[in-house]
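Protein chains in written order, with our numbering: chain G, 7 to 269; chain F, -2 to 224.
No lab work stands behind these hints, which were simulated from the structure alone. No residue lacks a Cβ here, since even glycine has one placed at the ideal position from N, Cα and C. Treat each hint with caution, since some may be false.
[To be verified] Label-pair ranges, simulated between beta-carbon atoms: (1) A140(F) x L28(G): 55 to 61 Å; (2) I205(G) x R117(F): 39 to 45 Å; (3) K16(F) x I246(G): 44 to 50 Å; (4) K16(F) x S233(G): 29 to 35 Å; (5) Q194(F) x D21(G): 54 to 60 Å; (6) E119(F) x L53(G): 37 to 43 Å; (7) N41(F) x S31(G): 32 to 38 Å; (8) R177(F) x T64(G): 16 to 22 Å; (9) R210(F) x I246(G): 48 to 54 Å; (10) L20(G) x H190(F): 41 to 47 Å; (11) K22(G) x T215(F): 51 to 57 Å.
[Unchecked claim] Which bits of chain G does chain F cover? Going by a derived footprint, with three or more residues having C-beta under 8 Å, they are: (12) 45 to 56; (13) 133 to 144.
[To be verified] Pulled from the structure, derived: some chain G residues nowhere near chain F, Cβ distances all over 12 Å: (14) F179; (15) K186; (16) L196; (17) G207; (18) S233.
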Amino acid sequence: MYQMFFGQLGHWILDKIRFLLLTFSLILQAIFQLFALGRTPVRQVLLRQIYFTGLESTGVVMVMALTIGVVIVTQSILLLGNSNVTLVAKVLCWIVIRELGPLLTALVVIARSGAAIAAELANMQVTGQIDSLRALGISPCAYLVLPRLLGGALSVFALTIYFDASALLGGFFAAFLGWKLPSDLFFQGLYGTLTVGQIVGGACKSLLFGLIIAAVACQRGLIVERSSTAVPRAATQAVIYGLFLVFVADGCFALLFQILSRG
Amino acid sequence: MALTPPPPETESAVLSLNKLLLETEGPGLDAKVLAGQLAVFVLNREELCGEFVNILLGLSLPLNGTLSVFDQHLSQLSEKDQIPVIQRIGIVAARLGLIANLNVMENLVLAADYHAMDDRAEIRQRALRLLERVGYEDSPYGALGKLSRAQQTQVCLVRALMLDPDLLIYATLFDGLSSRDADTLLDKVLEIHRYKQRRTTIFLTPDQKFVARLPAETQVFCLQSEG
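Model the full assembly from the supplied sequences, consistent with the hints where possible.
Structure follows, in structure tokens:
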């Protein structure tokens, strides 16, 4: 019984380590191919990726962020009372910029683009399109992986900025229009909390999350076998593994911020 | 001063098989296809044609023996060193491998644009000329999904021709085509073979009857196990 449990646990751990190594090696391979950005077709794929991952998700992310801003401010006022406007603004800023902005944007991108990238690449693998690229002397890593990694990272970064701005705006509207709180105190709270370190931290997180999501999706898409169930399985795995890695990375960032703030 | 005669032109092997074995059964095959020749390899099954192409491109290894193209074993070269050799090879396979999210023209110019072979406008002009030459009559900017199998094969053929290869390989070329389309395509393929001097053309097929449709000078190699 114990033997079976530990056997399965060992398999699970080894499987995750293998997956991490494969994803990391894919990112490294793509970095070594950075010079390929000088080629027109690679840039075209990059722009297309930014359009699909970034631009097409903007609406969803902004509506979600506005709602989150309203919810955070409303819950904070219910908890703290409407006399402590500065603290309400601080809570909003703290939660959105440091945590929810990068994380929720990453979740939207995993659901929309992570699955789509994995399904697209898996389909290309199954139908021999990737082999045909090789037969044309085109490196699949340079043409398919690199622009998706860069496009994913830049898109999550830009979407996080939109998310943060929309959430703060939603919070402000809820406080100012809904709860009739003084706007000067609200802004005072925001300015008091918003530091360069926080903004840079949030930006680094979002870039890394974007890179992770795209790398996991590419890795899952490229390793498929030639079977009819391979494509949907790759899409599902891209979502699950993407979520897993993003949450692990988020935890690592929280620890890192704690260590840095102590130092 | 006496003129020394020029050295005799050596017959360079475009493709060399040395005891090549694709399946566990059967003997390995020794074969040599020289520049400018027309050759056909008859294989046991359709999948073996794809496997043969993969071995040729260095994407997989044979069970035994070696296969070299332009005196190079692609599996032993780095990705960077493979490119000049691969650029001399054009492949038209049964699984056409056209990039589904690109339109016809984007598919055709992809490799030439990627390798920055020429001016972009010139590359597009060349693609249009080649489309006309293979008898393609639909829109050059149309989506691939709207094309018939015969038209997709024409597009794939033009894509292979875009880099003006010295070696053209057709793997189970007529799969899914009507006999009329297949005959028209074969005529075009033979015309393309004759068009460039010393261009080598190799057919891979599991169909023994196909050999009868090829010109008499075609070299025939059999990789089929007996029985």
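Each hint tested on the structure:
{"no.": "1", "hint": "A140(F) x L28(G): 55 to 61 Å", "result": "34 Å, violated"}
{"no.": "2", "hint": "I205(G) x R117(F): 39 to 45 Å", "result": "41 Å, holds"}
{"no.": "3", "hint": "K16(F) x I246(G): 44 to 50 Å", "result": "47 Å, holds"}
{"no.": "4", "hint": "K16(F) x S233(G): 29 to 35 Å", "result": "33 Å, holds"}
{"no.": "5", "hint": "Q194(F) x D21(G): 54 to 60 Å", "result": "56 Å, holds"}
{"no.": "6", "hint": "E119(F) x L53(G): 37 to 43 Å", "result": "23 Å, violated"}
{"no.": "7", "hint": "N41(F) x S31(G): 32 to 38 Å", "result": "37 Å, holds"}
{"no.": "8", "hint": "R177(F) x T64(G): 16 to 22 Å", "result": "51 Å, violated"}
{"no.": "9", "hint": "R210(F) x I246(G): 48 to 54 Å", "result": "52 Å, holds"}
{"no.": "10", "hint": "L20(G) x H190(F): 41 to 47 Å", "result": "53 Å, violated"}
{"no.": "11", "hint": "K22(G) x T215(F): 51 to 57 Å", "result": "55 Å, holds"}
{"no.": "12", "hint": "45 to 56", "result": "holds (count 4)"}
{"no.": "13", "hint": "133 to 144", "result": "holds (count 11)"}
{"no.": "14", "hint": "F179", "result": "40 Å, holds"}
{"no.": "15", "hint": "K186", "result": "52 Å, holds"}
{"no.": "16", "hint": "L196", "result": "43 Å, holds"}
{"no.": "17", "hint": "G207", "result": "36 Å, holds"}
{"no.": "18", "hint": "S233", "result": "15 Å, holds"}
Hints 1, 6, 8 and 10 from the list above are not met by this structure, while the remaining hints are.
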